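Protein sequences, first through last, are from chains E and C. Quick note: the first sequence uses our numbering, first residue 1, plus one each step. Quick note: the second sequence uses our numbering, first residue 1, plus one each step.
Since the hints were derived computationally from the structure, they do not count as laboratory data. Mixed in with the good hints, there may be bad ones.
Stated by the list, open to error - Below, a list of computed lysine to any residue pairs in the SDA-like style, where the Cα atoms sit at most 20 Å apart:
#, chain 1, residue 1, chain 2, residue 2
1, C, K54, E, E42
2, E, K17, E, E61
3, C, K54, E, L183
4, E, K59, C, R15
5, C, K54, C, R15
As the list claims (entries may be wrong) - Which chain E residues face chain C? A few, computed with CB under 7 Å, are given here:
#, residue
6, V25
7, H29
8, F53
9, P165
10, F173
11, R180
Treat the numbers as computed from the prediction; the structure is a model and nothing was measured. Glycine included, each C-beta is placed from N, C-alpha and C at the ideal position.
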Amino acid sequence: MGKNDHEAVRAVLDGDKDAYGALVVRHSHSLFRVAFRITGNEADADDVVQEAFLRGYRKLESFESRANFSTWIYRIAVRCALDRLKSSKGNDRSRVAEETDPELDDVQVADGAASPERLLLSSEIGAMQEAAMRGLSPTERTAFVLRHVEDCSTEQIAAALGIAPNAAKQAVFRAVHKLRHRLSAFKVRI
Amino acid sequence: MKHLTEEELVAQALREREHRRDDKRADAVEGHLADCAACADSYLVLLSDLAAMKQMTTPVRDQWYGERVWQSIEGSLTAYEQSQRSWWRPVRAGAPVWKGLVYAGACALLMVGAFFAGTQWEHWKQQPPTAKVEHKTPQTKQPIVVVVLDEHLDRSERFLVELKHADLDSPAMASPIRDEARSLLAANKVCREKAAETSDPELSTALDHLDRLLAEAANEPGGLNPRSIAKLQEQMNSDGLLFEVRVLRSRIASRKAAGNIAFKGGTT
């Protein structure tokens with residue numbers, strides 16, 4: 001797989017644009033999976049996949065032969081998803097500026113369409129989790145997904161996010177803390 | 001007993017998932033969890049929460065998803081061209097190692113060549129003007145030397161002819177012969193030195209014979225007299241000096257005409 005990826009990269013840099021299509025087909029599903037887990041939205045995940053491959057094509061000359069293309073494009077996708085989260089957070093109107101717990105310095109998820117009662121009634125655990133995830137910052141959410149769902153190491157998370165390993169670890173800790181807090185609130189109401 | 005913090009419990013959970021047991025802190029936390037029921041309960045709840053969060057459902061994309069992604073971005077991509085690629089690209093983009101080595105070798109060879117050329121250039125620039133003249137000597141002085149040698153042999157031949165036919169009864173002949181011998185002796189010295197630098201034994205031998213004769217004619221104590229002149233004539237004839245000089249003249253004249261004589265560093 002890796003060897004084929006390198007051959008495809010060489011072909012692309014030699015002018016064979018279609019060779020990149022093989023790379024796109026080969027890695028689209030894995031990129032969509034992580035993009036969805038980070039963004040929590042299918043449409044955003046689709047956009048992230050496309051954006052990641054576009055960025056990857058433009059940066060292909062900087063791709064080093066020693067690297068693994070899947071890891072390389074995966075990191076680009078994570079960055080794209082993180083950027084998408086940050087931009088969407090700025091326009092997110094589902095958040096209100098009232099504190100639920102002063103000690104947590106956190107905000108409440110004001111998701112009227114998915115209240116705890118409704119989540120309980122519909123047993124949509126996934127939606128409840130997503131509601132809890134929306135209380136995380138983009139970095140926390142991305143770090144948590146990479147660590148807890150994608151099983152990345154702290155070093156890999158740090159590299160993907162472009163931050164120090166200790167900062168990546170602290171982001172994961174904060175994410176777990178916030179998520180448990182949110183989920184415990186849901187549990188109480190259930 | 002001080003209970004574990006949530007961060008310590010999370011760290012422990014992550015360590016377990018990474019199967020990292022090389023941390024002393026992990027051993028301490030494990031020991032505490034074994035002894036403290038409250039922390040053990042908290043830890044189990046944490047693991048349960050994490051397990052629940054891990055069950056995140058992801059929409060499934062069909063097998064044509066990759067094709068659709070490619071179709072959506074293909075129009076936005078411009079094919080790479082040879083001229084747009086950096087010269088080190090083959091090394092960076094996964095070319096075989098030997099290609100990189102070839103590039104490195106070529107660069108090293110280029111650097112060595114440039115260094116050698118630089119040193120030669122500096123050496124050439126630092127040569128003193130006299131050295132340049134010496135370098136040109138074989139090319140520029142050769143015709144002059146040939147001409148001088150030709151003239152010298154010509155004068156020597158005439159001198160030997162005069163000596164051979166000298167009137168022993170005329171004392172007036174002695175002084176011109178001696179003066180000409182002295183003049184030729186100095187010129188012959190120069191020609192002998194030049195001849196010694198060549199590998200022409202015939203020329204050297206003839207000039208040596210001529211030198212002895214000229215030296216005796218120029219330095220005869222009390223000047224030349226009929227007896228000394230007769231002695232010189234006998235010596236000249238016994239050596240066949242006049243014949244040698246004529247042969248040399250003829251040879252040099254022909255080679256001078258051919259233009260291929262080299263008085264220094266070779267004869268032809």
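Right, here's what the structure says about each hint:
| no. | hint | result |
| --- | --- | --- |
| 1 | C:K54 - E:E42 | holds, 18 Å |
| 2 | E:K17 - E:E61 | holds, 13 Å |
| 3 | C:K54 - E:L183 | holds, 13 Å |
| 4 | E:K59 - C:R15 | violated, 35 Å |
| 5 | C:K54 - C:R15 | holds, 16 Å |
| 6 | V25 | holds, 3 Å |
| 7 | H29 | holds, 6 Å |
| 8 | F53 | holds, 6 Å |
| 9 | P165 | violated, 13 Å |
| 10 | F173 | holds, 5 Å |
| 11 | R180 | holds, 5 Å |
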